[in-house]
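Participant: As a plain string of letters, each chain reads:
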Amino acid sequence: MPGTILENLSTRKLSILVTCLLICQALCFLIGGLIAPLPANHQNILGMVCKDIPGSQNDTSVWLYTRGKGKCNAVSQEEIEQHDVKMANQIVFVFQMPIPREGHVLDYSRWQQNLIGVLQVDIAYDNDVLVDSHAVVTIDARLAYRNKEDSDYDWKLYATSLERRYLDCQSIHVSNTERLYSCETIPLFELGSLHHDFYLLNIRLPVDTDMKMNLDVGHIHDLQLTAIYQNGGFTKVWLSLKTIFFPIVVAIMIWFWHRVHLLQRSPALIEYMLIYLGLALTFLNMPLEYLTLAFDMPFMLLLSDIRQGVFYATLLSFWLVFAGEHMLIQETGKRSAVKNYWKHLSAVVVGCISLFAFDVCERGVQLRNPFYSIWTSRVGTNLALTFIVLAGISAGVYFLFLCYMIWKVFRNISLKQSSLPSMSAARRIHYEGIIYRFKFLMLATLICAALTVIGFIMGQIAEGHWKWDENIEVQLTSAFLTGVYGMWNIYIFALIILYAPSHKQWPTELNSSNERIASEEIEFNNLPSDSNPSEISSLTSFSRKAAFD
Amino acid sequence: MLPWFILVNCIYSSVIFSSIVCGDVVNGERYLAKSAVMSMFNPVSSLYPGPCAYVAASRKQNHQCRKDAGLPRAVKDASQLARTHCAEQFRYDRWNCSVETRGKRNIYKKLYRETAFVHALVAAALTHSITRACSEGKMTKCTCVGGGVGGAAKSTSMAWRWGECNDNLKHGKRVTRRFLELGQQNSGDQVAEMLRHNSEVGIQAVATTMANKCKCHGISGSCSMKTCWRKLSSFNVTAELLRKKYYQAIRKSPSNSTSRKRTGKVRKHKKKKKASPYTTLLYLETSPTFCSVTKGRRCLNPDNCSILCCGRGHTTFVERFVEKCRCRFKEPGSFKVICDSCKRTEDRFYCK
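Top line first, the protein sequences correspond to chains A and B.
UniProt numbering puts the first residue of the first sequence at 1, with every later residue one more than the last.
UniProt numbering puts the first residue of the second sequence at 1, with every later residue one more than the last.
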């Protein structure tokens with residue numbers, strides 16, 4: 001029975017392969033660092049205050065905009081200050097996105113993918129109205145869109161909602177005589193697709209004595225919207241990477257499955273897991289974003305969450321199964337299947353399901369109402385926290401379990417290593433080689449996982465510093481994103497290649513059609529006592545043999 | 001806001017809340033300050049000819065106003081911001097932010113602590129209002145093309161799509177420096193260099209008072225992706241910071257050794273360390289006591305009065321006010337408002 005390519009590959013070939021992969025990895029990092037811009041950008045937009053058209057409170061066909069023909073006239077701050085109730089119910093905060101630059105009217109490109117709106121309120125300090133940290137502001141938000149070919153007044157309704165948000169303000173002393181409010185940002189909307197050219201947001205803050213609406217929020221004199229969008233350049237680079245990785249991974253999977261089916265046995269569990277992993281990666285790699293350039297696909301945010309979730313879930317499951325299959329003390333004769341691992345995998349399943357439930361509650365509902373957020377209601381917050389805590393616990397359980405299993409594998413290996421000197425020299429070299437390569441792969445996994453974590457942390461720190469006053473040559477955040485993405489692709493690519501069954505000992509008619517493997521490779525011989533056809537790894541066969549002793 | 005905040009630069013008479021005719025700064029004298037700062041710190045009595053309209057602008061400044069339609073308005077806002085906040089900050093100080101010191105003298109004649117403050121405040125106000133105007137979409141000269149790969153060669157809309165549009169603050173700083181002509185180090189004389197320094201202090205003050213805000217938008221809204229930006233804080237915070245800097249200002253002895261060359265070197269050296277050299281205000285001359293102009297000024301409390309009134313003592317008045325209060329809507333959803341009248345008494349102290 002043939003082993004895997006990893007075991008039969010000479011050190012020279014292995015090092016050439018690893019070098020190539022490392023070069024690819026470096027390329028991925030550099031592409032992100034040197035070509036791609038920051039992954040996301042923002043525009044700060046100050047709300048222009050316009051006088052409301054009477055009777056438009058319930059009429060969503062009335063739109064106030066600040067640029068173009070038929071624009072509304074801005075109301076000055078002084079005019080509002082002098083009014084007894086600060087013109088409550090009479091004013092609208094108008095945000096027209098995007099704001100022009102250098103006299104050019106800019107428009108959103110579909111390459112910019114998504115739009116997230118965050119609101120910042122400035123509240124005037126008033127001794128009579130004390131805004132407490134749990135004050136709720138009621139926002140009548142309406143979002144409209146327009147395209148380049150439409151006329152200036154032709155705004156069409158995109159979404160409307162009456163939303164309640166916690167203000168979370170703290171009064172701070174500026175000096176002995178002066179106080180100010182410092183308020184947290186309010187997440188307002190999330191659009192999963194940026195299909196149209198221009199967007200318009202009209203915000204009213206209805207004051208109602210009977211419904212106790214906006215009575216205790218004081219005088220909001222400024223509203224500032226931060227519109228966050230994905231950078232078009234980043235999307236292009238990201239999509240190019242996907243376009244490159246997608247066919248490569250598909251090809252390697254086909255090659256792998258073909259090889260597995262050429263064998264006289266049914267595929268082993270590790271092989272199934274590898275193909276699942278490949279499928280999950282292909283699902284992630286699929287450049288579906290090209291479709292957003294033509295169609296309106298607001299579910300892309302949710303879908304990309306699901307795609308990443310599926311990929312990471314498969315990867316985590318693979319590691320568990322991988323460690324389990326190399327446990328070295330399996331009972332012979334029993335075929336391993338995924339269902340044997342249900343106890344091990346339940347942590348992954350619970351974690352993924354709870355995260356999925358959270359995502360559906362947040363981004364799923366946002367498909368219907370982009371202003372919705374699960375965090376704005378007390379029940380929703382508790383529900384979301386439950387899901388997240390559950391996912392966190394599962395993650396903790398998973399990692400403890402994985403560490404335990406890996407520790408067990410290594411303990412078994414070191415136990416068996418003590419019996420190596422009693423073997424013949426040739427066999428000993430082979431076994432040592434296998435153990436070395438197994439450890440090598442474990443090391444690669446550890447390095448990849450560590451790099452992901454480091455990349456994540458570095459990404460956070462790099463943004464924590466305000467460096468964009470100076471010219472940075474390397475865009476660290478993008479570099480880490482593309483680097484980590486490329487790394488997992490390369491990692492899985494390498495796994496599929498190295499764990500593919502070797503065709504060294506195949507019948508000659510098959511062998512002749514494939515490349516000739518030179519004699520420099522170390523031939524691997526199975527243990528004579530091994531008769532289990534389901535094994536793929538000689539390491540496991542070795543371990544089983546050892547378990548008999 | 002109380003109306004007397006707006007009455008800046010005016011000599012206070014004994015009657016509060018009455019309008020006072022504000023004196024214009026005497027022209028024709030050789031001022032230390034650049035005319036832009038002076039002109040912006042004066043109340044706008046009438047519109048000036050030329051595109052900048054609200055300030056007596058130089059040819060260069062008029063050129064900038066002509067090129068950017070939003071600039072005159074931003075300059076006007078900045079001028080108002082500087083004047084109101086200066087008066088607000090120095091309400092209970094001996095110097096009440098008036099330009100005049102005594103008689104026909106004014107703070108621009110020499111480089112006093114006050115002159116340094118006004119320069120910083122005007123620069124800060126201009127940076128603030130231009131940054132604000134940028135985020136309102138009113139300024140047309142807020143540029144998009146930043147650094148990055150071949151940034152300068154790209155058109156605005158290309159740069160926007162690719163993702164190189166910059167922070168508004170950067171535009172604010174740049175336009176302010178250009179408008180106040182801070183870029184060129186003219187003639188290398190000490191006074192001009194110090195005024196430029198003080199204006200830089202003001203510009204930096206806006207940047208340091210900005211608040212960092214972040215939003216996470218990674219997978220499932222986690223912080224695997226995070227976008228941060230800086231939010232302009234209320235100008236009160238900046239003005240308060242500058243007032244602190246006013247008290248901590250350092251007096252530099254006049255010397256001829258501070259040449260252009262040397263300051264250039266210092267700046268370069270500081271730039272390497274990335275610590276801003278623009279943290280303290282600098283002045284040359286000790287300020288007058290301003291005691292002659294505090295007569296009839298209102299003070300906060302007896303402690304404050306003892307300083308403000310220069311030992312002349314103070315008088316206490318009990319004043320009554322009738323104010324609108326508890327304003328509410330007549331009926332739900334209507335625009336009609338009814339208010340009650342509330343009576344309030346307050347002890348007020350005035351300098352003798």
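Calculated from the structure, these hints are not laboratory results.
One thing to keep in mind: the hints can contain errors.
[Unchecked claim] Label-pair restraints from in silico Cβ distances: (1) B:303 - A:160: 28 to 34 Å; (2) B:67 - A:84: 37 to 43 Å; (3) B:347 - A:62: 28 to 34 Å; (4) B:67 - A:449: 53 to 59 Å; (5) B:347 - A:210: 50 to 56 Å.
[Said to hold, decoys possible] Below, simulated EDC-like cross-link-like pairs (lysine to aspartate or glutamate); rule was C-alpha separation at most 16 Å, straight line: (6) A:212 - A:102; (7) B:60 - B:181; (8) A:51 - A:81; (9) B:231 - A:52; (10) B:141 - A:102; (11) B:170 - A:52; (12) B:324 - A:81; (13) A:416 - A:432; (14) A:51 - A:78; (15) A:51 - A:163; (16) B:76 - A:78; (17) B:324 - A:184; (18) A:71 - A:84; (19) B:110 - B:100; (20) A:86 - A:59; (21) B:231 - A:296; (22) B:324 - B:347; (23) B:343 - B:323; (24) B:231 - A:222; (25) B:244 - B:93; (26) B:215 - A:184; (27) A:86 - A:150; (28) A:71 - A:154; (29) A:148 - A:197; (30) B:324 - A:84; (31) B:213 - A:122; (32) A:69 - A:168; (33) A:86 - A:197; (34) B:67 - A:197; (35) B:110 - B:285; (36) B:213 - A:154; (37) A:148 - A:84; (38) B:110 - B:193; (39) A:71 - A:126; (40) B:295 - B:77.
For each residue, glycine too, the CB sits at the ideal point set by N, CA and C.
Participant: Take the hints in turn and mark each one as holding or not.
Facilitator: Now for the hints, and whether the structure bears them out:
no., hint, verdict
1, B:303 - A:160: 28 to 34 Å, "violated, 56 Å"
2, B:67 - A:84: 37 to 43 Å, "holds, 42 Å"
3, B:347 - A:62: 28 to 34 Å, "violated, 51 Å"
4, B:67 - A:449: 53 to 59 Å, "holds, 55 Å"
5, B:347 - A:210: 50 to 56 Å, "violated, 40 Å"
6, A:212 - A:102, "violated, 44 Å"
7, B:60 - B:181, "holds, 9 Å"
8, A:51 - A:81, "holds, 14 Å"
9, B:231 - A:52, "violated, 27 Å"
10, B:141 - A:102, "holds, 5 Å"
11, B:170 - A:52, "violated, 34 Å"
12, B:324 - A:81, "holds, 14 Å"
13, A:416 - A:432, "holds, 10 Å"
14, A:51 - A:78, "holds, 14 Å"
15, A:51 - A:163, "violated, 21 Å"
16, B:76 - A:78, "holds, 14 Å"
17, B:324 - A:184, "violated, 31 Å"
18, A:71 - A:84, "violated, 27 Å"
19, B:110 - B:100, "holds, 12 Å"
20, A:86 - A:59, "violated, 23 Å"
21, B:231 - A:296, "violated, 32 Å"
22, B:324 - B:347, "violated, 20 Å"
23, B:343 - B:323, "holds, 6 Å"
24, B:231 - A:222, "holds, 12 Å"
25, B:244 - B:93, "holds, 13 Å"
26, B:215 - A:184, "holds, 11 Å"
27, A:86 - A:150, "violated, 35 Å"
28, A:71 - A:154, "holds, 12 Å"
29, A:148 - A:197, "holds, 6 Å"
30, B:324 - A:84, "holds, 8 Å"
31, B:213 - A:122, "holds, 14 Å"
32, A:69 - A:168, "violated, 38 Å"
33, A:86 - A:197, "violated, 34 Å"
34, B:67 - A:197, "violated, 27 Å"
35, B:110 - B:285, "holds, 7 Å"
36, B:213 - A:154, "violated, 34 Å"
37, A:148 - A:84, "violated, 41 Å"
38, B:110 - B:193, "holds, 14 Å"
39, A:71 - A:126, "violated, 33 Å"
40, B:295 - B:77, "violated, 31 Å"
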